[in-house]
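Peer 1: Chain by chain, the residues:
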Amino acid sequence: MIEESKTLERRGLAKGLKVWLDILFFLTLLGGGLVLIIWPVVSFSGPEEFKLTVPVIVGEGAFRYFNAGKKDPIREVSVEAMEDAPISTEEDRTPAPSNPWEDVSIAPGFTLAKAQGQLLFKPPTIGAGLLYWFFTLILVGALAYGLFLLRRILSTTVEGNPFDSANPRRLVHLGWIVLASSLFATASKFLFGHWALSNLSDSDFLLSPALMFYKEWLTCGLLILVLAAIWKEAVRISEEQSLTV
Amino acid sequence: MTIHVRLDQLLLEKGITLTELGARIGIALPNLSILKTNKARAIRFSTLESICRELDCQPGDLLVHQRGDPEE
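So the protein sequences, as listed, match chains A and B. So for the first sequence, the working numbering puts the first residue at 1; every next one is plus one. So for the second sequence, the working numbering puts the first residue at 1; every next one is plus one.
Hint data in this document are derived by calculation from the structure and do not stem from the laboratory. Don't take each hint at face value.
[As the list claims (entries may be wrong)] Derived BS3-like pairs: lysine-lysine, alpha-carbon spacing no greater than 30 Å straight-line:
1. B/LYS39 - A/LYS232
2. A/LYS232 - A/LYS18
3. A/LYS215 - A/LYS232
4. A/LYS232 - B/LYS14
5. A/LYS122 - A/LYS51
6. B/LYS36 - B/LYS14
[Said to hold, decoys possible] Beyond 10 Å from chain A on every Cβ pair, some chain B residues (computed):
7. LEU10
8. LEU12
9. LEU18
10. ILE27
11. ASN31
12. PRO59
13. GLN66
Cβ coordinates follow ideal geometry from the N, Cα and C atoms, glycine included.
Just need the whole structure built from these sequences, with the hints factored in.
Peer 2: Here is the structure:
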């Protein structure tokens, strides 16, 4: 009787988790639908100009080659400034500060070395906007598939069969999706940032694209792969146990 | 599998059905069927002891080692 109630309690926990996962999954599908259909329509035909956001570092970045410091000196970037910016000449050229915070004093013993922010800009072509939209869709799709796999795993647990032979394979897929999404997000944001800065003609600061490693996602993906290996062994033991008379 | 379970033959010799044996030793029919069809991966000593007691036989009468095909 006690064993049965503990089993019911465990399944109740799995059922509760599944409800949350179901909610997240359908919200992701809804969000994906909005990204797929409504966002491009609103962005490209609405009254507001379509703008992209990329992470940037104010100051020298990790890779000197990608620094925008080779460019001409600049003022603060805005859509209006880009349209009205004068064409720079050789006489205007002065070296941009490598570290704009050098003279900023915070407190004795403290120096502001770097600042990170978001660069908001209007893409010069619709193609660039569409490419950004497509990359976003890939990440939303990966999230939806990951949630789908989690739901399938929890379904087998609710049915009382957590060591279903398909679950290790699902966990492996989930782990690789998380790892791949992390690397894809890092690479795409860096490349978009580099491309955006290469289109800059005027800025007061040395800007460089931010190389953001999503360490949490990487760790999570690796953890899931380790769990998949353990689960596979558990499935083998469970099958052997079920065939022990 | 190279360990062959002669449960069929022993039940025939003793004139007992599988269902009856399962009821006597407290093992479910599906589990005994797994044993009878040589699909079992392992057998507990307690199960072996129960079967041998009911069928009045030795473990060597129930379990027979058959050499596999060398090419396998």
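Peer 1: Evaluate each hint against the coordinates.
Peer 2: Verification of the hints:
1. Pair hint B/LYS39 plus A/LYS232 holds up; C-alpha atoms about 21 Å apart against a cutoff of 30 Å.
2. With a CA separation close to 22 Å, the supplied pair A/LYS232 and A/LYS18 stays within the 30 Å bound.
3. For the proposed pair A/LYS215 and A/LYS232, the alpha carbon gap of about 26 Å is at most 30 Å, so the pair holds.
4. The suggested pairing of A/LYS232 with B/LYS14 is violated, with an alpha-carbon distance near 43 Å, which exceeds 30 Å.
5. Taken as a hint, the A/LYS122 and A/LYS51 pair is honoured in the structure, with Cα atoms around 4 Å apart against an allowance of 30 Å.
6. Simply put, B/LYS36 and B/LYS14 have alpha-carbon atoms about 15 Å apart, close enough for the 30 Å limit, and the pair holds.
7. Residue placement check: B/LEU10 keeps its beta carbon more than 10 Å from all beta carbons of chain A (closest about 15 Å).
8. The beta carbon of B/LEU12 sits about 20 Å from the closest Cβ of chain A, which is more than 10 Å, so the claim that it is off the interface holds.
9. For B/LEU18, the requirement that its beta carbon stay farther than 10 Å from each beta carbon of chain A is met, with the minimum near 12 Å.
10. The Cβ of B/ILE27 sits about 7 Å from the closest Cβ of chain A, inside the 10 Å cut-off, so the non-interface label is violated.
11. Its beta-carbon lying about 5 Å from the closest one in chain A, B/ASN31 breaks the requirement of being farther than 10 Å from that chain.
12. No beta-carbon of chain A is positioned within 10 Å of the beta-carbon of B/PRO59; the least distance is around 14 Å.
13. At roughly 19 Å from the closest C-beta of chain A, the C-beta of B/GLN66 stays outside 10 Å, upholding its exclusion from the interface.
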